[in-house]
Structure formats: structure tokens, C-alpha cells
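Novice: Residue-level listing of the chains:
Number of protein chains: 2
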Amino acid sequence: MTLIVHKYGGTSMGSTERIRNVAKRVGKWVRAGYQLVVVPSAMSGETNRLLGLAKELAPQHHDEAYARELDALAATGEQASSALLAIALQAEGIASVSYAGWQVPIRTDMAYTKARIESIDDARVRADLQAGRVVIVTGFQGVDPEGNITTLGRGGSDTSAVAVAAAMKAQECLIYTDVDGVYTTDPRVVAEARRLKTVSFEEMLEMASMGSKVLQIRSVEFAGKYRVPLRVLSSFTPWDIDIAQEAQSGTLITFEDDEHMEQAVVSGIAFNRDEAKISVLGVPDRPGIAFQILGAVADANIDVDVIIQNLSKDGITDFSFTVNRGDYARVIDLLKTSVIPKLGASDVVGDPKICKVSIVGIGMRSHVGIAAKMFRVLSEEGINIQMISTSEIKTSVVIDEKYMELAVRALHKAFELEQAAA
Amino acid sequence: MTLIVHKYGGTSMGSTERIRNVAKRVGKWVRAGYQLVVVPSAMSGETNRLLGLAKELAPQHHDEAYARELDALAATGEQASSALLAIALQAEGIASVSYAGWQVPIRTDMAYTKARIESIDDARVRADLQAGRVVIVTGFQGVDPEGNITTLGRGGSDTSAVAVAAAMKAQECLIYTDVDGVYTTDPRVVAEARRLKTVSFEEMLEMASMGSKVLQIRSVEFAGKYRVPLRVLSSFTPWDIDIAQEAQSGTLITFEDDEHMEQAVVSGIAFNRDEAKISVLGVPDRPGIAFQILGAVADANIDVDVIIQNLSKDGITDFSFTVNRGDYARVIDLLKTSVIPKLGASDVVGDPKICKVSIVGIGMRSHVGIAAKMFRVLSEEGINIQMISTSEIKTSVVIDEKYMELAVRALHKAFELEQAAA
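Protein sequence lines, in the order shown, are assigned to chains V and R.
Here the first sequence is numbered in our numbering, starting from 654 and rising by one per residue.
Here the second sequence is numbered in our numbering, starting from 654 and rising by one per residue.
Do not rely on the hints blindly, as some may be mistaken.
The list makes no distinction among identical chains, and a pair is therefore deemed to hold if it is satisfied within one copy or across any two copies.
Only pairs whose alpha carbons sit at most 20 Å apart, straight line, appear in this in silico EDC-like list of lysine to aspartate or glutamate [unchecked claim]:
#: 1; residue 1: LYS850; residue 2: GLU1069
#: 2; residue 1: LYS677; residue 2: GLU709
#: 3; residue 1: LYS708; residue 2: GLU670
#: 4; residue 1: LYS708; residue 2: ASP980
#: 5; residue 1: LYS708; residue 2: GLU745
#: 6; residue 1: LYS989; residue 2: GLU1045
#: 7; residue 1: LYS878; residue 2: GLU1071
#: 8; residue 1: LYS1026; residue 2: GLU1071
What the hints contain is simulated information worked out from the structure, not anything from laboratory work.
Using the sequences and the accompanying hints, generate a full structural model.
Specialist: If you want it as C-alpha cells, here you go:
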């Protein structure tokens, strides 16, 4: 029998009516002869409700001191929605069983609130599948080596689903969500944005990391690493649409060596206004400064995105990077108190009101002048570029937040993304 | 250091403000030099909210088929409130850690929705106490031998607290609740009802089983078996009242051999209108009929309370018993379809509109005529007695539900319960 993993997001699980709808859809796949593992998110709003209660009790709740309990708290949202889905399936006459992360178990490291999956034991799940049951695996969570509950960070249920699909060698992992696929850019910003039938893993990775919030980035990494075919599709189609049609809908995330890929030069425009820019000024340019600055930031479990170090003048250089806007104040504080004095740098400055805009496309590898075209388009719109960062298939710029929409629309038009690739 | 267990009920945990209040009260005990294990219930309303969602998905959700998932669902309420209390304590500067039932672990049998605790491993909890932490143990739940989440039934957090107190040999188990102790009867029925400063375990057991809903009956059994001193007290006193005063408030549940006990003949009047009466008529009187009838009921995991078998006439007898009102229809159906035909009985009749009224008191052992006085009082009020059942320290009657208040008030007055014992 063919094994498929379904993942349903918070809005898809947002009410008992929607949960019943998910159960009917899953039932359709079961009756069509598939084995199913289903990974549901918490009912929409539930995680925020729980963390809101925590925040009332500990207004300074970003403090890592609370991290273990925040994870134990937040994990209950998915445990509840998983049990509810199992009940809905049973009410539809479909045998099912739900497992919390620790019951599978899904083993993670000990990084509370942003744990990484280390291994998945599939014995229990496989036995249930063989006994004819739909297995519901609670997303977003796992258990660390000491038996503490951990969570994988926001959107972590995507990662759970892909990790389970990889561990079980599922034929495909279907991510049901409230959008019907991956677009050339956010349709709320550019009305002409177009749904992509396929997108490569590498492109998706760059899109996801840039704030195209369709999929958690780590889930895409996982899918690429273990070659799990991944499809993003809508859970808002009628549950009883033809299964062959449903199986072809949405956006398939493909491997580069697959055939029939859309080979546009630029596949999409991603943007992210959740970042802040930080510059350490007047740093003596000697080996190890990047480590001294970013090591301290990493030790505080803060993710850094773009990193730029300018050429030094007279043995002095500036060092800039971006972090999540929510970490901005902490990083500034951290650098001022413990890094700058040791480093002998002159100052730390920053700007939380920036945004990052990126053009992404596998085709950029074989086409020269794409980045230059991006810079020209922005310059024609009078937009000043503050930072530039490039990879093989992506060019990103950091600009003033207020120019974001203008930049995205101009680039979408200039790269003709409203038209399907030839 | 002296170890104390605190248990806080759902209303005591009903909002973040109240949780903060619990944290301040616990903090007061910690600062006074006690080691504390705290067992919180789910926030009031949460268990009903969760089970209400399940009921929407499976309207026939009493079905045992859903039991495993109902337990996984309901257990999230206590897991969340435990994590919230840990956060509230940490925000007060008190080191604390919360453990779900499976993390302690609290091992139970596999009877979903009404599991029994089999053992508690105290190693992890003890290590935390020694490290100076308040340990929060999630009430109401445990883990079965196959790693499934189980719950202990409504009010099960009391049992969790007492079981933890027994396993850890705590000096006392304080049950904080929304009433300030155990009364001679329900003050909503009899205005003159009086709070008892002490009550014996055996009396409390009879009171609890009769619907004095202050404590779950199994928690009292546990406390008696392991000789855990148990005190019921209010969580609605100001958190900063003098700790010596708080430690003496409420009602202490004592061992019979303790000194200074109130030795009233009758300590209290209990009543319960949650039962229904069922009679199997025309049963051939031969060995094994009680087992044939009640064995089938027990196999369906239904509790039976009062059981009466009349003298037989011509080899034919009637067999009556009471069950929870919620199980009434199931039991009637069960008897009609699978027991009556096999047994050769003539019919099953029942009445869900009954109530049970009991007088309870250790002193009844050494005083004759107490039961007779009860029957006289009821007869003087014109109340017909349908069933009678007695134990060493209790006499219960089943009467028409509509006479309940009348019976309780008349008995409370006749046994002079409004006056403290000499």
C-alpha cells in the first residue's frame, strides 16, 4: 500500500466543523486505498491564547528561564487537536490513533522553543498502519534526551510532517493550508502574482527563508535532504473533489533533476519585514572578529540572517548583520554590554525599520546580469539599497521598510512574473 | 525540611490573576522553609470546553471507542495549567518545574477515563526538591503500561495529590478549594449547616461517596490507606494570611485513633440525586444470579452503588440496585438485551428520579437506635422509603427525589447538627 503524509495547518483545524471536514477528506484517501499519517497543527488561535496567558503571568516572558514551561504549555494545543481529529475520524467510522511527540517518539535536541528533530522511531506508527489505522502524529513537538517536552518553533508542524514522511519513506507529503500553493510573490502586495505549478527545493528554501510564510524553512531543508516530495495545497476545496484532481493541485516542490520544470530565470520575489539591521562600527580588523560578534549572538540562541563585512580602512572595519526584529533590543544590549568592550569597537547602531526583498530563481545560475537588472529597477524607482547579499540562486537587498511594496511590484513587473514561463 | 503537598482546584486556577495568587501563596510556604509539591487542576471550564469539542465531533461520545483519545484530549487542560503555574512561580522568583503524569511517571492501569494509579516513581521529583525547586505535578492523569495517556476521572487531581503525598511521605496534603471545609450537610440545602473542624476518614469516605463533592472518594481511600493527613481548606483567603492560621483552617480529616476528635453520634447528612434505581423482577433464586446481573454491568465499566436482594418467594426473587443516572439507559438496555433472556427473569423496571439520603457518623457504632430514629423522622414527614442500605457508620435510604430537601432538613434538625459536639 502507498503511504502518504497529510499535514493540516491551524486554519484547516480551526473549528469542529473544519476538523470534521479534514476527517472526511482523510477518509476519502483511506477509502481510495492509501495508508495515511496525518500531522495537524493546533486549532488556529490556540497557541497564541496559551502563550498570551503565559505573558500575563510573566510579562518579560522572552526570558529563556521560562522556555521549558512555555514548551510544555504550547505543546498542549497540538495534543488537543490531534485527539480531536482522531475522534472525528472514529466518528466517520475510520480507525485512528493519535500520538504526542514523546509517544512516537520524535526525539529532539534540548533547544526549547526551537528544538531540532534528531530521530524518529517509526515502529509504533508502522504497526498501527499495518493494523489498518490512520495514525495522527502531533506536530510541532518532540521530547529531549531527558524526557522534557520540546517544541520546534512556529510553523514546526510542517517540519514534523516532512520528518515523519522521510522516516517512513512516504510517497508524498501533502501540506494542506489556507492558500492554494506557492505564488511568484504575495498576492496581497502584487495583484498579478501567479501560482507556480512547481518550484524547486532550492528556490522554495530561499522563498521560505525570505518570509513567504507558506512553509517553515526547516521543513523544506528536511524535504530536500531526504528527497521527500512535498506539495502545498488548499484545504478549502470541497473535501469530496476527485482525488486525482486533488493530488495534482497546489504547488509541487521538485528536485532540480526532475523533468518538466518551469525554468524561468526568476521564479519569485520574496520579502520580509520582520528583520532589523545592526552594525558594529570601528572594529579592529583582525582574525576572529566575526566569530567574537556572532558567536555571542548565537550563544544567546538568536538567528542571524544577512551578514556583511566591509573592506577595512586603516585596520578598522564595520560589521553589519540582520536579526529578527523581536530580537533587536536583546542583541543591541548584548553587544553593548559584553562584546563591544572586549572587541575594542567604537559603537553599535541599528535600524529596526528595514525590509529585505529578494529575487529567487534557479535560472539565475546560467544567466548573467540578473542582479544588475534588479539594482537598476530599484534605482529607477529611487530606492536606496542599504545592504546586498547574494547566493547562487538569490539576490537580496535590504531597503527602507516604507519602499517595500513599491520594490516588490516594480521587480515583479520587470521580471515578467505575471506570465507563465514558456 | 518538611514536605507538604498542595492541591489547587479548577476555580483556584480559574484565571491568570488567580494563578498568580496561588503562586504567591506557594511562595509564602517556600519562604517559611517548606519543600512543596503542587498539584493543580485544569483552569475551571477548560475540561468541559475540551470535552464539548469532542462531543460536537462525536455526539455519541460516551462510546468507549473514543476513550483513549478523550483522555489524551482532557489531559491537556492540566498540562497547560501546570506549565502556567510554573511560569507564575518563576515570575515570583521561585524556582519551579512542571511534570506531566508520564514524566514523573505516575503509572496507572489501562482503564481510560477512570484509570487507577498503580505506582509513582518519586526519584525525579525528589531530585528537584533537593535542588530547591517547587515541583508541579500535573493532576488527573497518568500513563499506562503501553505508554498511553490515561485520566483518573472527574476530580482525579485530588487523588493525584494524595497519591503523590503518600509516595513522597509528605507531612500533610492540603486540598485548596472553593469551600472552606467539610460541612454537616450542604449549606445550600440547610442554612444551619456547620463546618466540621475534623472528620474521620471513614466518615469522609461515606460523605464523599454520597455526593458531598468536596473531595473525590478515591483520594480519601488513598489517604486512609497510606495514612496521609489531609486537610480541606479555602484558596479564597488572602494569600498573605498568617501561615500558622492557614495551616489550622478548613477541615482536617483524622484517623480514628487520633485524639481530640469530635465524637458526635451523627457527623453529617449526605445526599445524592445523581443516581437511578433499577430492579430486575422475577429472577429464579439460584446461586450466581447477583454475579450474572452485576458482572455484566461491571464488564461495561459501570459503577453500582446500593444493592438489595429481597427474600425469595416460591423460588423467585427481585434484585434491585442503583447506578449513576447517566448510565441508566445503558444499563436498562444491557439488561434487556443480554442478561434477562439468559437469566429467565420476567422484567426490568427502573426509576431515574430518586435520591439517596444518608446519615454518617463514627458514633453510630456504639449507639443503638440511630437508624430507627432516622426512619421515624422520615415517617413523621410522610416520606416513603424505597430502599435501605446500612454500613457500620452509615444508614442510607433511597426516596423520591422531590422529598430530598425536606428529608435532609428534618434529619439535620433531629440530630442537632447545627450545634457543635460537646
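Novice: Now tell me, hint by hint, if it's right for this structure.
Specialist: Quick rundown of the hints versus the structure:
Proximity of LYS850 to GLU1069 under the C-alpha cut-off of 20 Å is restricted to the intra-copy arrangement: shortest distance 17 Å within a copy versus 83 Å between copies. Taking CA atoms no more than 20 Å apart as the test, LYS677 paired with GLU709 passes between copies only; the shortest distance there is 15 Å, against 38 Å inside one copy. Within a single copy, LYS708 and GLU670 get their C-alpha atoms only as close as 30 Å, which misses the 20 Å cut-off; across copies the closest is 12 Å, which meets it. Proximity of LYS708 to ASP980 under the C-alpha cut-off of 20 Å is restricted to the intra-copy arrangement: shortest distance 17 Å within a copy versus 42 Å between copies.
For a Cα distance limit of 20 Å, the shortest separation of LYS708 from GLU745 across copies, 14 Å, qualifies, whereas the shortest one inside one copy, 39 Å, does not. Within a single copy, LYS989 and GLU1045 get their C-alpha atoms no closer than 34 Å, and across copies no closer than 76 Å, so neither meets the 20 Å cut-off. Within a single copy, LYS878 and GLU1071 get their C-alpha atoms no closer than 31 Å, and across copies no closer than 76 Å, so neither meets the 20 Å cut-off. Taking the closest pair of Cα atoms, LYS1026 and GLU1071 come within 20 Å of each other only inside a single copy of the chain (18 Å); across copies the shortest separation is 92 Å, beyond that limit.
The structure shown violates the earlier hints numbered 6, 7.
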